[in-house]
Amino acid sequence: MKLCVSSTGKDLDSKVAEHFGRAPYFLIIDTDTMNFSVIENTAQVAGRGAGISAAQMILDKSAAAVITGRIGPHAFSALEVAHVEIYEGASGNHTGREVVEKFKRGEYRESVYPMGGPGRGRSFQD
Amino acid sequence: MLMEKRLEACILKAIHKRPVEVPVIAVTGGKGGVGKSTVAVNISEALVQMGYRVALVDADVDAPDDHILLNITLKCPLDVAVTLPVINDEKCTKCRKCVDICRRHALFQPRDGSPILIGECNGCEACILVCPADAIERSKRMVGKTYKNGTNNLTLFTGELIPGVEESSFVVNALKARVFDEAKDSDIIIIDTSPGTHCNVINALKGSCEAFAVTEPTPLGIHDLKRILNLLQVLHIKADVILNRSDLPGVRGQLESVIKAYNTKVSVEIPMDDLLVKSYVEGVPVVRMYPEAESSKRISRLSKEIAAKYIK
Numbered sequence: 001m002k003l004c005v006s007s008t009g010k011d012l013d014s015k016v017a018e019h020f021g022r023a024p025y026f027l028i029i030d031t032d033t034m035n036f037s038v039i040e041n042t043a044q045v046a047g048r049g050a051g052i053s054a055a056q057m058i059l060d061k062s063a064a065a066v067i068t069g070r071i072g073p074h075a076f077s078a079l080e081v082a083h084v085e086i087y088e089g090a091s092g093n094h095t096g097r098e099v100v101e102k103f104k105r106g107e108y109r110e111s112v113y114p115m116g117g118p119g120r121g122r123s124f125q126d
Numbered sequence: 127m128l129m130e131k132r133l134e135a136c137i138l139k140a141i142h143k144r145p146v147e148v149p150v151i152a153v154t155g156g157k158g159g160v161g162k163s164t165v166a167v168n169i170s171e172a173l174v175q176m177g178y179r180v181a182l183v184d185a186d187v188d189a190p191d192d193h194i195l196l197n198i199t200l201k202c203p204l205d206v207a208v209t210l211p212v213i214n215d216e217k218c219t220k221c222r223k224c225v226d227i228c229r230r231h232a233l234f235q236p237r238d239g240s241p242i243l244i245g246e247c248n249g250c251e252a253c254i255l256v257c258p259a260d261a262i263e264r265s266k267r268m269v270g271k272t273y274k275n276g277t278n279n280l281t282l283f284t285g286e287l288i289p290g291v292e293e294s295s296f297v298v299n300a301l302k303a304r305v306f307d308e309a310k311d312s313d314i315i316i317i318d319t320s321p322g323t324h325c326n327v328i329n330a331l332k333g334s335c336e337a338f339a340v341t342e343p344t345p346l347g348i349h350d351l352k353r354i355l356n357l358l359q360v361l362h363i364k365a366d367v368i369l370n371r372s373d374l375p376g377v378r379g380q381l382e383s384v385i386k387a388y389n390t391k392v393s394v395e396i397p398m399d400d401l402l403v404k405s406y407v408e409g410v411p412v413v414r415m416y417p418e419a420e421s422s423k424r425i426s427r428l429s430k431e432i433a434a435k436y437i438k
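Keeping their order, the protein sequence lines are chains A and B. Going by this note's numbering, the letters in the first sequence line up with residues 1 to 126, in that order. Going by this note's numbering, the letters in the second sequence line up with residues 127 to 438, in that order.
Please note that the accuracy of each hint is not assured.
Here are the simulated SDA-like pairs of lysine to any residue, each with C-alpha atoms no more than 20 Å apart in a straight line [claimed, not checked]: (1) A:K2 x B:D226; (2) A:K104 x A:D11; (3) B:K220 x A:V81; (4) A:K61 x B:K364; (5) B:K223 x A:K15; (6) B:K201 x B:N275; (7) A:K61 x B:L204; (8) A:K61 x B:K220; (9) A:K2 x B:R237; (10) B:K220 x A:D11; (11) A:K61 x B:D226; (12) A:K61 x B:V225; (13) A:K61 x B:E130; (14) B:K223 x A:M57; (15) A:K61 x B:A252; (16) B:K332 x B:E130; (17) A:K61 x B:G239; (18) B:K430 x B:E336; (19) B:K220 x B:A189; (20) B:K220 x A:K104; (21) A:K2 x B:E130; (22) B:K220 x A:A82; (23) A:K10 x A:A82; (24) A:K15 x A:R97; (25) B:K220 x A:S62; (26) B:K223 x A:D60; (27) B:K364 x B:E130; (28) A:K61 x B:R222; (29) A:K61 x B:K201; (30) B:K220 x A:K2; (31) B:K223 x A:T42; (32) A:K61 x B:S240.
I should point out that these hints are in silico values taken from the structure, not numbers from a laboratory. Owing to the predicted nature of the structure, the values given are computational and were not obtained by experimental measurement.
I would like the entire structure built from these sequences, with the hints used as guidance.
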């Protein structure tokens, strides 16, 4: 399956970015082959709606599931509508590669409600 | 000096465009609680006493209170709404132009469906403009109200934002549109802005012939005065200073250097005045309740100067 991991860097050894919408990069990883592509999150510094925009980017790359630390309510709604599975709780101490291994072992549980509060854009001015 | 920002000539022209011939005077000041509303209400009342028809505009839509200073109940409400886009699934071609244009990233396009509104729309209508299929309809979201109260020759226009809603500048714009539409017969329009230098203050100041920045001789007053004078400079609006509580033992030296730096002047000093405070508590403008008070005399004198300069 195609798995999206929010990442602080551009490869599988980069640490996980803990906030979905504000992640610098997304890695779209084929869990069978471990081949991956990188998306730069162009909405990372958006005043508003970074999460929704990020959801759109990864959906366009056909991700079937997302692993991240926390996800805001708007991005959560978007991914839910798009039937993308959401796994929260990944730690920024782990690399993308480690997270995929943990995912394969079933260590993450699918989120049914967003864990995070309002998106971080809340604290930004227009 | 604060930041320097230059606006293009076309923007300045748009800012200064006034749909009516009536002169517009703004009362502003940067800092909160310096007496903007008290000054605006009393200038308006003084002008009415001189026989003029005055439209007073309470553009502090987050906390409008000129009606309290005038002891009147707000009447004639009109709703202020912003557009909420509604996408018609049958017409939508899923081209995604609306999703891409939205600066708020409020729209999201699922794999096979039409875009849906998930984020916080501010009603800018860019999506409607770019939609090639005419598939986006306008629904409405309430953001506030405007009111109109007429008493003798003083008409008070008030804007009121729904608490917690972000669109204060939309309410200011709607309020000014109503004023320019309904106050054509006035001799002068006095706009009482909110504190600050943000977009709803800018919208309140647009079209002003002159702005009076009310301040007090305190470090906070001077600091915020500098900011509002900076804004007025950016907007190319003639600025004057009204020094309230002028006899506070304060920082006159600093005040004078700011005034000099911005090439402006103190038009009037209003000293601390118990009679002004009494009238404030009663909800009657001091120029009406205690015309003999020192503050009344000074505000009346300033009002005469304003009338002489602007009212034909």
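Now for the hints, and whether the structure bears them out:
no.	hint	verdict
1	A:K2 x B:D226	violated (24 Å)
2	A:K104 x A:D11	holds (19 Å)
3	B:K220 x A:V81	holds (16 Å)
4	A:K61 x B:K364	violated (55 Å)
5	B:K223 x A:K15	violated (34 Å)
6	B:K201 x B:N275	holds (6 Å)
7	A:K61 x B:L204	violated (47 Å)
8	A:K61 x B:K220	holds (17 Å)
9	A:K2 x B:R237	holds (15 Å)
10	B:K220 x A:D11	violated (33 Å)
11	A:K61 x B:D226	holds (16 Å)
12	A:K61 x B:V225	holds (16 Å)
13	A:K61 x B:E130	violated (43 Å)
14	B:K223 x A:M57	holds (15 Å)
15	A:K61 x B:A252	violated (26 Å)
16	B:K332 x B:E130	holds (19 Å)
17	A:K61 x B:G239	holds (16 Å)
18	B:K430 x B:E336	holds (15 Å)
19	B:K220 x B:A189	violated (43 Å)
20	B:K220 x A:K104	violated (35 Å)
21	A:K2 x B:E130	violated (50 Å)
22	B:K220 x A:A82	holds (15 Å)
23	A:K10 x A:A82	violated (25 Å)
24	A:K15 x A:R97	holds (9 Å)
25	B:K220 x A:S62	holds (17 Å)
26	B:K223 x A:D60	holds (15 Å)
27	B:K364 x B:E130	holds (17 Å)
28	A:K61 x B:R222	holds (16 Å)
29	A:K61 x B:K201	violated (55 Å)
30	B:K220 x A:K2	violated (24 Å)
31	B:K223 x A:T42	holds (17 Å)
32	A:K61 x B:S240	holds (18 Å)
Of the numbered hints given earlier, the model fails hints 1, 4, 5, 7, 10, 13, 15, 19, 20, 21, 23, 29 and 30; all others are met.
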